[in-house]
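Throughout the sequence shown, residue numbering follows the working numbering, covering 44 to 295 in sequence.
If you are wondering where the hints come from, they were derived from the structure by calculation, not from laboratory data.
Among the hints, a few may not be true.
Under the rule of at most 20 angstroms between Cα atoms (straight-line distance), these lysine-lysine pairs were calculated in the PhoX-like manner [said to hold, decoys possible]:
| id | residue 1 | residue 2 |
| --- | --- | --- |
| 1 | LYS47 | LYS59 |
| 2 | LYS69 | LYS59 |
| 3 | LYS208 | LYS47 |
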Amino acid sequence: MNYKEIFDERGNLYNKAHQIAPGARKAEGEAMLKWLQPRADETIIVTAAGGGFDACLIAEFLLPACARIICVEPSPLFSSLIPGSFEIINAPLGEIPLPDGVADAVLNLAALHHVNERQNTFEEWTRLLRSGGRIVLGDVEEGSSNAAYLNNTVDQFTPGGHDGKFIKPGELTEAFSSLPYENPEEALEAYEWIFRDHMTMVSFSKNLFGMVNGTDEQIAAGIQQYLGVQDSVADNAMFYPWSLRFFRATKR
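Sequences and hints are given; from them, build the entire structure.
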């Protein structure tokens, strides 16, 4: 299944997960903002924008100022919850109907592992950037515990399965070396997804990944097996670890 097919099928559940636990991925959002470093005078393209998770975090970070944020999402169903304050384009990630050099930054968070034609897509995103603009990508690292969780537990209980093509260290640096970029940086960012209780954790995870074929007990067992669940007495919460490998480079 390609990206659009996947999220035509389960994008509504993904959006529901963020309604169940809107702060669960707070630390992931903070990592994204650290790498993106958005400014209010910029045009920022969020690719694979989903229901607006990334775009909303950027807008909140910039308050009371406002950037021009363009949300590109292949699935109209998935994008149905993006706030109307953002520009929304329903188009393939590798064929975006915008002029050359329109953007100061192009962002993709945690969707590359569903993109098959990566190099063609990278070339399209490069076309959209002005000289001096930056590309910022973050995705699951090959061999990580969350990669194992996605391609085992999620694969087992999601109707369409999950066959993520994850990122190797150095892979994005190599991929962009043939494109007009300089100052490439990449690093693994590790953090936690945090929940107020066990039920919220399971419900969020079940919906985020569309695991409708699994019972709550099976989903909880998969989380424990591959990720491990910990309690935070001080915060009266529970969490499991997550991580993404981030990459950033500046277009010449």
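Okay, the hints, checked on the actual structure:
1. LYS47 / LYS59: Given pair LYS47, LYS59 holds - Cα atoms ~18 angstroms apart, limit 20 angstroms.
2. LYS69 / LYS59: Given that 20 angstroms is the threshold and the Cα spacing comes to 16 angstroms, the pair holds.
3. LYS208 / LYS47: Holds: LYS208 and LYS47 sit about 16 angstroms apart, inside 20 angstroms.
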